[in-house]
Each structure stands twice: as structure tokens, then as C-alpha cells.
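K.L.:
Line by line, the protein sequences are chains H and B. Okay, so the first sequence: first residue is 718 according to this note's numbering, each after it adds one. Okay, so the second sequence: first residue is 2 according to this note's numbering, each after it adds one.
Any given hint could be a false lead.
[Said to hold, decoys possible] Just some of the chain H residues that point at chain B, by a computed CB distance under 10 Å:
no. : residue
1   : Thr772
2   : Leu810
3   : Ile814
4   : Leu850
[To be verified] Away from chain H, derived, C-beta distances all over 10 Å, residues of chain B:
no. : residue
5   : Ser126
6   : Phe211
7   : Glu235
8   : Phe324
9   : Ser339
10  : Tyr340
11  : Ser371
12  : Arg386
13  : Pro441
14  : Val507
15  : Arg555
16  : Ile566
17  : Arg612
Simulated from the structure, these hints should not be mistaken for laboratory data. Only a predicted model underlies this, so the values are computations on that prediction, with no experimental measurement involved. The beta-carbon is built from N, C-alpha and C at its ideal position, and this holds for glycine as well.
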Amino acid sequence: MSLFFALLGAAIAVAFAGIGSAKGVGVASESATGIVVDDPSKFGKLLVLQLLPGTQGLYGFIVAVMVLLNTGILGGKAPTDIMTGLLYLAACLPIAIGGLFSAMAQGRVCSSGVNIIAKKPSESSKAIVSASLVELYALLAFIVSFLMVINIK
Amino acid sequence: MAILRMKPFFLIDVLKNRKKILETLQKLECVQVEPITNLKKISPHQTISQIDSMIHDADKAVEIIEKYSTKKDSFLKSPNFKSAEKLNVDIAKSNELHKKVKSILSSMAEIEKIQSKINKLENESLLLYYYLSLDLPTDVQNTKYTNILIGNIPGFWSDESLLNKLGESVYFEIIDANKLQTSVFFIIPKNINDKVRKILLDIGFSQPPFSSTKKSPKEKSTANKEKIAQLNKEILEYENKIKSMQNEYQNIQDFSDCLRLRKEKYETLCKIGLTDNTFVLKGFVNPRFESKIIEKIENEIGAYIEISEPDENSPVDFSNNFFVAPVENITQTYSMPSYDDIDPNPIMSLFYYIFFGMMFSDAGYGLVLSIACGWLAFFKKFEKRKKDLFRMFFFCGLSTTFWGFMYGSFFGNAIDTVAKVFFNSDFSLAPLWINTVTEPLTLLIFSIVIGLIQIIIGLSIKFYTLVRRKKFMEAIATVLDWILILLGIGIFATGKTVNSDIISLVGLILSILGTSLVVLLGGYKNKGAMKIFGGIISLYDITSYISDALSYSRLMALGIATGVIANVVNILGSMAGNGILGFIVFVIISIVGHAMNFGINILGAYVHTNRLQYVEFFSKFYEGGGKKFIPFGMNTRYIKFLNKIK
């Protein structure tokens, strides 16, 4: 039962952050495709914007791997009492929820940033900067999740 | 002072010297020319737009050659460097080049025309596909007693279903049937034509989507294929024609840049004022070139020139040493300094490199970054802007390496992992200072302390500027008191950590002193009883200082993130064990994973370093809003001039 909660945590970390990233990358890529149709040479610049909302999924994945490494699936010892399992579940929440919403918000920023690249390619770095500002909150969620996971005894 | 304030000047000479003077000024690149409003002016706008369209053509030709040949300049390739004298395309040659450019453009236009023809034919063949088994010409005529009809009906129809619908007296042949549409050939007796037509209309019959010809669909399709092959050959011919021009690639670039120089000259010419026999030119001159310009213009050509001291309208530029100069671009993106701002770059550069290093925080990544950018910055030739960029990342890389070793991160824990998995030893790269994962709190405190230091420095600069402007009251009431408070808090915290009561007491006294100053003086602008009230209200500013200080916690967050993600990459890589296969898996996962981590984190470090400078640091003292000095000079696209290399 304890392992179940730990795995549930890993599952929601990777799934929710992944959903957010998938949505974010999806929205950004949809807008980007519209530009690439007219000007394929902008693909490189657009790619950065398309990929930025993808990092949340990566953070979720890392937290999940850390949980698996600590709970006997990929190494370490399986937890015995139910409390430890619940602790792992709690530790996964920040990146699951934070990742989900920040990736979606970032997707929207990237999607509108695509306009900058379409109209003023020389100012493209400003679109990337705006998108990275959202990134911080995913990063904070990730750090908290990570610190929680590795410090569960 | 590291801000260059340009000196206003004006220049008068006889008309016939104007070309010579403009050319000299263009080569010197040290004056910004301002339009003169109250005198007659030359208006060669026609020429400028002509040159513009020629530049446009030449650039397009360059692009076309790049498309059809292997020539292409990448971002990292050193541009062509020439001395200014060498770039001179004379008029005869320029006409010839213009013709070549035109011929390239017309070849390209032909290719596009043919391409659209091909597209049309291909489209037609695609539509003919569903009629291929019809062995009659598509314009087959009606006979005396029957109408002949070819077309398609949406959806799938079989012989039976169509027979049921139309009755026995109509002859039809299904040419092709699929889920989406059925192509049919009908022979309809004239007496029931109207009735059958109505039924067909009801089930959505439509004429074939291509023009009818004397050929059968199959013949037509083959003919199209032949035509396309023919057209492709034509395209190839034009492509070869373009490729044969690729020797001119360099010349066309020169041509385009030469036109650019001419355009800039004409644009400046439009700004000078004319009288009957003389002309007047005014603007701003870079003080570094003051003596040079007097020597060249006044002594050699003999014009009258008067230079005065810089004023509030002077455009500005930065001038710093090689360590500080790279971050000028960062400041410039924020704003150019106002007339009496202090150059923020020297202090900013130091914090910039430190913050970047703390956030990127991996010795391995730092080495990669500084070696790559160091090579580009010191062993390759680039124009100043790119060179500064590479140099900035070189210093950032060095700082990253330093912090990486402080945190004990070299491609994450790659050394430990390799030692453990492949050599079975427990060798480990110990952090020189702290382990970020086990002691994040120490790092958090350190981040905020370093942030407080930056904020206090920012406030001190503000204090200095206010005192210099003799606004003593404002300096004490809005700046000095906060410096005391923040300093006090810092000292108090230090005292608590080292358990020294005396230090804590000093800190406490300083902050109380600061706080009372805020309460007493905060409302210095208000009158009467509002003075004290205003003071109490301005105490609320503490929230903004707290949020500023906490903002520096991103130094910790990004610093931990790099190492953590790198560690996970290493863990994933080492899962396949220690055999040959394990090693291959490790190498592949490491390369992909670390490259990705490198990309994400360098972006994060760059953005958040900028943000800390802009929002937390600059907002404390930097006014900005100045105009950048844009000298009349030789701004080219393809060729860079030797004298501009730094």
C-alpha cells in the first residue's frame, strides 16, 4: 500500500506535468506551423519557442525517476509504512500541479511570441525571454518537489 | 567616466567641398549628423529610393545564389574583412553587376513561373486519376438520340445501386469507385434526359473537374507527365544559369554593400543646409576624435568647424575595458544612460558574471561554454557586436566553472558515476564549498545576502547621484535610511549566525536608526501633520525591498536545478550496467541529456541574470532614456572593415 502511494505520486508527477507540457508545446507548435508555411527559414528560431513549454514534462519525469529510485523500483528499498508512501505522494504534488498550469500558461506566451518572430525576427530574443519568465515558477515547483523527495527518510 | 557624451558641433564650408567632407566623415565614423531645419536642403529622395531598390535586388540575388549553390554564411563564420579602400565598385562595373543581378532575378522569376505551370499540370493529373480507365476522349459528343455525360457522384456506388436509382434505360459504366466518389460514364436517351438529369442532380452529380479535350484521360495524363518532364528540364537550365553566376557571389555582395554606403551618404547629404555658396552641417562628434576631425576637416580641407561642450541633448555611448564592455549590450537593451546617469556597466558586469555562474553552476558546462566562446572571441575575427557576445559568454563560462567546482558539479555527478559504475571505485568530486542538494538553506541565505549587497550598492549609487545634484534631503529621506536598514538587517543576520552579540547589536542599532529616519523624513514632501503620517506610510516600502531580496532566491533555484537534472541524466545513463553495451548507452544518454540540460539552463541563466539586473538593480538608481550615438559611417551587411575589428 505504501508503495502504491509512492507510485501514484510518481505517476501524477509525470502525467500532469506531461499533460501541461503537451498542451503548451501543442499550442505553441500550432501557431509556429502557421509561420513555417510562409517562411520555412524561421523554423530554427521558432523551435526554441515550441520547446520551452516542454521543460515541465521533463521536470515531472525527473521527480518521478527520483521517486522510483528511492522506492525499490529502480533501486533503494521499498517503503514499508503507509506514511512514507503518502509523503512521496505529497512530494510529487508541487511539480504535478505547478508543472501542469505553468506549462499551459507558457504555451500561450510562446504562441503569442510566435507573432514577434513572424513580424520582427530580429527581436525574437524578447519572445524567448518572456516565455522564460514563466519557466521560473515551474522550476521552483520542481526544486521543492525534488528536495522533498530526496529528503524523505 | 565611462559614458561618452558627444559634443555638438557645426561645420561650414564652400559648396564644392561637400562631397569630400562627407566622404571623409563617413570613413572616420565619429559624427552623428542632425538635419538642419531652417535652411534650404538638397532632396535627392529619388536617388535614395532607386538605390534602395537596387540594394533590394542585389540582396535577393545573393539569397537566390545561396539557395542554388553551397554558399552560405553561418552565424559562427567570420565575415569577410576588407580595408575600406578596397571596397570600391566603379560605375562601369556596377552597371555590369546590376545587369547580372537582374538576370539572376529574371531566371528566378522564370523558375517560379514554370513551377506554377508544373503544379497546375500535376493537379490535373491528380484529378484525372479517377478517370484513367475511360478509353474515350473527354469531349465526346452527344449523338442524335442520346446525350453523353461524364462526371462523378459523391460516395461509393455499385452497378446495382446506380441501376436501381436510374432505371434500365440509361446505359452507364462505372469508371472508378471509392469511398469518397464514384466516376461514371453515362449514355442517356434524349427523351428521358431531363428526368435522369434531375435524379443525378439529387444524388450530387457533378461535371469532371478538368477541361475536356480530344484525348482520353490516360493519353492526357501521359501527355502531362511528358510536359512536366520538359518543364523540369527548363527549370534545370535556369538553375544552371544561376549556378554559373556563383562566381559573382562575392562581387554582388560587394556591390550591395557599396550601394549601402552610397545610400548612407545621400541620406546624410539630405540633412545638410545650403546657402548660395556654402553649406552647413551640424551634429555631434565623439570627443575621442575631436583632434582628428579638426586635423582632417579644418586643416586638410579647410572648413570652419566649431565644437562645443556636451549638453543634455547629446547622444551617448559607452566606453569600457574588455572585461566590462561585453555587458554594454545588456544595459543598452534596457536603456541608454541619461545625461547625468552613472555608467552602471562596471559594477553590473561583475554581478552579471557572478550571477550567471551561480545559476548555470556546472564546471563541465562552464568549461564547454568558455572554451567554445573563448576560441570564437580570441582566435577568430568578428565585428564588435558578435565579439562582445562571445566574450561575455567566455567570462560567464569561467564563472560557471568556478561555481561548478564550488558546488561540486562537473556534468552533474558524472565523475562519481563513472568511477562507481565502470571502475568500481568510490572516488568522488567533493564540492569545494557546499553540496547544493543537502544544504539548500545555506545557499538560499547566501543568495539573498549577495542580493542585498547588490541592492545596497544600487542605492549607494543613487545616494551619490542625488548628493551630486545637491538634493540632500531626498538623498537622506529616500535612500540613506533604506541603506541603513538593509545594512542593519544584513549585519544583524551575520551576527546571529556567528553568535556575536556585539555584531547583532550594531546591526540592530543601524536598522532602528534607519527606520526612525524613514518615519521622521519619509514624508518630507508633505506639509504639517501629514509629515509624520507620510513617514509611516513610506515604511511600507519595506515590502518592495523584501520582495526584491527574495527575488534573488532564483540564484539558488536555478543553481540547484542544473546539477539535479545533470545527476538524473547520469543515473539514467548508468542503468545499463558496466559492460560495453552499458558504456555505449551511457555515452549516448549523456550526450543527448547533457546537451538538453545545457540548452535549457543556459537560457534560464541568461534570462534571469538579465532580469535581476533590470528589475532589482537598475530600478534602484538608473534613469536611462538617453539617446544612443549612431555615427554616420559605413554600415554594411556582408563585408566588415578591418579598422572596425576589435
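K.L.:
Far enough from chain H: is every CB of that chain over 10 Å from the CB of B:Pro441?
P.N.:
violated, 6 Å
K.L.:
Determine whether the non-interface label on B:Val507 survives the test: each CB of chain H must be over 10 Å from its CB.
P.N.:
With a cut-off of 10 Å, B:Val507 remains clear of chain H, as the shortest Cβ separation is near 34 Å.
K.L.:
Are all beta-carbon distances from B:Arg555 to chain H longer than 10 Å?
P.N.:
violated, 6 Å
K.L.:
Find the nearest Cβ of chain H to the Cβ of B:Ile566 and say whether that gap is larger than 10 Å.
P.N.:
violated, 6 Å
K.L.:
Taking the least C-beta to C-beta distance, is H:Ile814 closer than 10 Å to chain B?
P.N.:
At about 17 Å, which exceeds the 10 Å cut-off, the nearest Cβ of chain B leaves the hint on H:Ile814 violated.
K.L.:
Quick one: work out the minimum CB distance from B:Glu235 to chain H and report holds if it exceeds 10 Å, violated otherwise.
P.N.:
At about 24 Å from chain H, B:Glu235 clears the 10 Å cut-off, so the statement holds.
K.L.:
Find the nearest Cβ of chain H to the Cβ of B:Ser339 and say whether that gap is larger than 10 Å.
P.N.:
holds, 23 Å
K.L.:
So B:Phe211 supposedly isn't at the interface. Is its beta-carbon more than 10 Å from every beta-carbon in chain H?
P.N.:
holds, 27 Å
K.L.:
Find the nearest Cβ of chain H to the Cβ of B:Tyr340 and say whether that gap is larger than 10 Å.
P.N.:
Holds: least Cβ distance 27 Å, greater than 10 Å.
K.L.:
Regarding the hint that H:Thr772 lies at the interface with chain B, is the smallest CB-CB distance below 10 Å?
P.N.:
H:Thr772 check passes; min Cβ-Cβ to chain B is 6 Å, inside 10 Å.
K.L.:
Would you check whether H:Leu810 satisfies its interface hint, that is, whether its CB is within less than 10 Å of any CB in chain B?
P.N.:
Hint violated; H:Leu810 Cβ to chain B Cβ min 18 Å, cut 10 Å.
K.L.:
Would you assess whether B:Ser126, listed as outside the interface, keeps its beta-carbon beyond 10 Å of every beta-carbon in chain H?
P.N.:
holds, 24 Å
In terms of the numbered hints stated before, the structure departs from hints 2, 3, 13, 15, 16, 17, listed from lowest to highest.
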